[in-house]
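Here is what each chain is made of, one letter per residue.
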Amino acid sequence: MKTIAKRIYVALIILFLYAPIGILMVLSFNRSKTRAKWGGFTLHWYRALFQNEEILRALLNTLLIALLSSLIATVIGTVACIAMNGMKRRAKSVLMGITNIPMLNADIVTGISLMLLYISLGIKFGMGTILLSHITFNIPYVILSVMPRMKQLNVSTYEAALDLGSSPLHAFFKVVFPDLLPGILSGFLMAFTMSLDDFIITHFTKGVGVDTLSTKIYTEIKKGIKPEMYALSSLIFVTVLTLLVLVNLSPTDKKSSVGTLDSENASHSP
Amino acid sequence: MKKELIQLIDISKSFDGQMVLDELNLNIHENEFVTLLGPSGCGKTTTLRILGGFTSPDKGRVVFDGKEITQIPPNKRQLNTVFQKYALFTHMTIAENIAFGLKIKKKPKSYIDDKIRYALKLVNLDGYENRMPDSLSGGQQQRIAIARAIVNEPKVLLLDEPLGALDLKLRQEMQYELIRMKNELGITFVYVTHDQEEALTMSDTIVVMNQGYIQQIGSPESIYNEPENAFVADFIGESNIIPATMIEDKLVNILGTRFTCVDTGFGRNRPVDVVIRPEDVILVEPSEGIIQGVVSHLIFKGVHYEMEVQACGFEWLVHSTTLSPVGKEVGIRVDPFNIQIMNKPESEDEEAVGIEI
Amino acid sequence: MKSKNKWLSAPYILWSAVFIIVPLGMILYYGLTDQTGSFTLDNITAIASAGHAKALRVSLLLSLVSTLVCFLLAYPLAMILAGVQVKRHNFIILVFILPMWMNFLLRTLAWQTLLEKNGVINHVLSFLHLPALRIINTPAAIILGMVYNFLPFMVLPLYNALSKIDTNVINAARDLGANHVYTFIRIILPLSIPGIISGITMVFIPALTTFVISSLLGGGKLLLIGDVIEQEFTRTSNWHLGSGLSMILMVFILINMVLSAIFDKDGEGSML
Chain A
1 MKTIAKRIYV ALIILFLYAP IGILMVLSFN RSKTRAKWGG FTLHWYRALF
51 QNEEILRALL NTLLIALLSS LIATVIGTVA CIAMNGMKRR AKSVLMGITN
101 IPMLNADIVT GISLMLLYIS LGIKFGMGTI LLSHITFNIP YVILSVMPRM
151 KQLNVSTYEA ALDLGSSPLH AFFKVVFPDL LPGILSGFLM AFTMSLDDFI
201 ITHFTKGVGV DTLSTKIYTE IKKGIKPEMY ALSSLIFVTV LTLLVLVNLS
251 PTDKKSSVGT LDSENASHSP
Chain B
1001 MKKELIQLID ISKSFDGQMV LDELNLNIHE NEFVTLLGPS GCGKTTTLRI
1051 LGGFTSPDKG RVVFDGKEIT QIPPNKRQLN TVFQKYALFT HMTIAENIAF
1101 GLKIKKKPKS YIDDKIRYAL KLVNLDGYEN RMPDSLSGGQ QQRIAIARAI
1151 VNEPKVLLLD EPLGALDLKL RQEMQYELIR MKNELGITFV YVTHDQEEAL
1201 TMSDTIVVMN QGYIQQIGSP ESIYNEPENA FVADFIGESN IIPATMIEDK
1251 LVNILGTRFT CVDTGFGRNR PVDVVIRPED VILVEPSEGI IQGVVSHLIF
1301 KGVHYEMEVQ ACGFEWLVHS TTLSPVGKEV GIRVDPFNIQ IMNKPESEDE
1351 EAVGIEI
Chain C
2001 MKSKNKWLSA PYILWSAVFI IVPLGMILYY GLTDQTGSFT LDNITAIASA
2051 GHAKALRVSL LLSLVSTLVC FLLAYPLAMI LAGVQVKRHN FIILVFILPM
2101 WMNFLLRTLA WQTLLEKNGV INHVLSFLHL PALRIINTPA AIILGMVYNF
2151 LPFMVLPLYN ALSKIDTNVI NAARDLGANH VYTFIRIILP LSIPGIISGI
2201 TMVFIPALTT FVISSLLGGG KLLLIGDVIE QEFTRTSNWH LGSGLSMILM
2251 VFILINMVLS AIFDKDGEGS ML
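Protein chains in written order, with the numbering used here: chain A, 1 to 270; chain B, 1001 to 1357; chain C, 2001 to 2272.
Watch out, some of these pointers could steer you wrong.
Distance condition first, Cα-Cα at most 27 Å in a straight line; then the derived DSS-like pairs of lysine-lysine [what the hints assert, rightly or not]:
| # | chain 1 | residue 1 | chain 2 | residue 2 |
| --- | --- | --- | --- | --- |
| 1 | B | LYS1002 | B | LYS1155 |
| 2 | A | LYS222 | C | LYS2117 |
| 3 | A | LYS226 | A | LYS33 |
| 4 | B | LYS1085 | A | LYS151 |
| 5 | B | LYS1059 | A | LYS2 |
| 6 | B | LYS1076 | A | LYS2 |
| 7 | A | LYS151 | C | LYS2164 |
| 8 | C | LYS2164 | A | LYS92 |
| 9 | A | LYS2 | C | LYS2221 |
| 10 | B | LYS1085 | B | LYS1169 |
| 11 | B | LYS1103 | B | LYS1121 |
| 12 | B | LYS1103 | B | LYS1003 |
| 13 | B | LYS1115 | B | LYS1105 |
| 14 | B | LYS1121 | B | LYS1155 |
| 15 | A | LYS223 | C | LYS2221 |
| 16 | B | LYS1115 | B | LYS1182 |
| 17 | A | LYS37 | C | LYS2117 |
| 18 | C | LYS2164 | A | LYS2 |
| 19 | A | LYS33 | A | LYS223 |
| 20 | C | LYS2117 | A | LYS223 |
| 21 | B | LYS1103 | B | LYS1076 |
| 22 | B | LYS1003 | B | LYS1085 |
| 23 | B | LYS1002 | B | LYS1076 |
| 24 | B | LYS1107 | B | LYS1155 |
| 25 | A | LYS33 | C | LYS2117 |
| 26 | A | LYS151 | C | LYS2054 |
| 27 | C | LYS2164 | A | LYS6 |
| 28 | A | LYS222 | C | LYS2054 |
Calculated directly from the structure, the hints in this document are not laboratory data. All of these numbers come straight from a predicted model, not from anything done at the bench.
Here chain A stands alone, though its shape is the one from the complex:
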């Protein structure tokens, strides 16, 4: 009885989170152009999507920014974690405090502050400024997911590798890096997601004529959204969903999901 209530509760929350997504997917097949009416099933918007150069350009920009910014943020963030690990307590906590600023700060303040920076430095607004901004707000996500791994790291394995004659760089990539990898990957994924979903910061740091999907949608809201947008979003969502399902079902994951034989020590929550 209790478990059923729990399941219903979780299901309702998930319905709440995913209902709008379902609606958008339905709308992408809607023959009628308005959102209010169902005009019958069509694949027209999917075909139209691939002829709509503006949307495709915005998509390309979005993906380019997301990929580049999360890659660069991952490199800078990971290196920063390694550096911070060797720092004195005080210096480390100051740097971690600064790291938290873009996460805790309001997007609008971050966006405005970066906009003012680019103006005073005379940097031309465009893809470059969007990229710089996205790297800035992505780095904290990388650091926050790599840092816990860094703390768990067993220093002796690194020293053992050195002891066995490997160079520091070789030892790092052979011994330390694999241990950090799960953190790095989830940091990258998180950064990519945040970059993809960002609207506010991009809104303030993009130039005229340059658009990502979010800013394109924002301008379209006033004029009426083109249903191609629903088609595109549905495609992106389904692609990501498929990828994640595949990754989760991959055999590497199964190894860890085979139950522990030692049921003695497994905790069984009531």
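Use these hints to put chains B and C onto chain A, whose structure you have.
Using the frame of chain A, we list chains B and C on its own:
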């Protein structure tokens, strides 16, 4: 005989289709120090959790002081637990930790303060009232966990490998502390461990478990000296377990040589296992031995030498204070009462001999 | 691996100086000067003007309510999830991050379709013979939009903090005589404070400062402080005033940062 306090009757429990306890029966007496001993996965912790009320058995009954408590939640049981990794409340001071149970029982403040002082004194940590758990060492946290449990004056204290995380020296100290506390408090201790030395040192009664079955219940002496099967013999201390044949009462054929022993009632020409403790193997001049062999390994262990002797195709483990160098020919003698005869494994549970711990 | 690699921190220190510290300095500079560049407090005191004060009041009210709703929805959810086996950890996190792969504006827009007078929800309600929901273009719809968008940021830190609590600590409380309610109040709740603080911060700040949700779901009738600032920058181009008002927001952010520093020393309430 003391009064029976706890009865576990036909307890079975499985997790994810895996049988952890199979129709376990166990009686625990008042003021007894009982140790559940066995390798990991043997069901000892599950047994303790069933006693504490954190896991309910699939089948069977738990009877406490004459009343069935199988379905009673942990907060309504007159037992308290000391958890493996202490499970102190890190957001409370030591005093608040200890007072936790008493405040629930709505005891007056002066009573609680007295109890805290008494408990801290008992665990040798006077004056630690206002410290936070994180600022204490592992051994100190362990003592606080014990103090937190005993102020509630439980009839039974359950301890789940409480010394597992401590280093050897501290562990030995705490063993004596626990015996002292048990005597001072006069309550029943049910203690779970995989450390046979710990079990032998502290217990009144040891319950050896393996794969969900009880292998043997007895005093430390009887468990050590008269193991009932090869698993117990192998798990408790080091031993030579040798396949043999019981020729008749008090006469056994070990590796082709007749040895006199003291056991009777095994029948004639029955295959058995014999257990001989390494310290009971006596090395003598070859001519004086019952069998002869050659020393193949020698290690100095401090208290004694540990030697391996090849004799009659068996590698005998020998502990002796006198050194016999590698390659020396020796004779082996065993006093009849040091030859322990055991039945060959018959049931499934006894076949688990080969398990490495 | 230590000490030798101090220079490794240089790129990040440089980056944070240029892209985090300096830009915040710019806001301070603009906020405290007027068009001619001379010092003034007018941009900050401007918050007292009727329009601005109302926008801030409404923003505070709506964001407080949505934070509370998020907390009340997320805490039981996080407790249920924390009871699930550890190996599902990544999957659970994914379920709450996945919606972000569908654009935030579109998802919010979809709520229009759901909430409209003849929208999906009202169709379902009338089918069930229940009274229709009329919240589109009201503050309630804005709150719903905020809760919808920021709920994952409450769930994840809470889930993270709750799943870190050792089950034996809870067992210990029960063992010492505490019933479920007492165990929750004295043990589970206090031990999840880092997650609570982090969740509140992650929801309250974005909700306080958002500027799109109100125009999408509130029908543009209510002006939030975020909308005001956005307009100062994109339409009226009074950056000084916009910066001054941003500084007001930064006060709330600062309070939040101090709170997290006090209650979440080890970053235990982080999202991941």
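* Asked: Checking against the hints above, which ones are violated?
  -> 9, 12, 22 and 26
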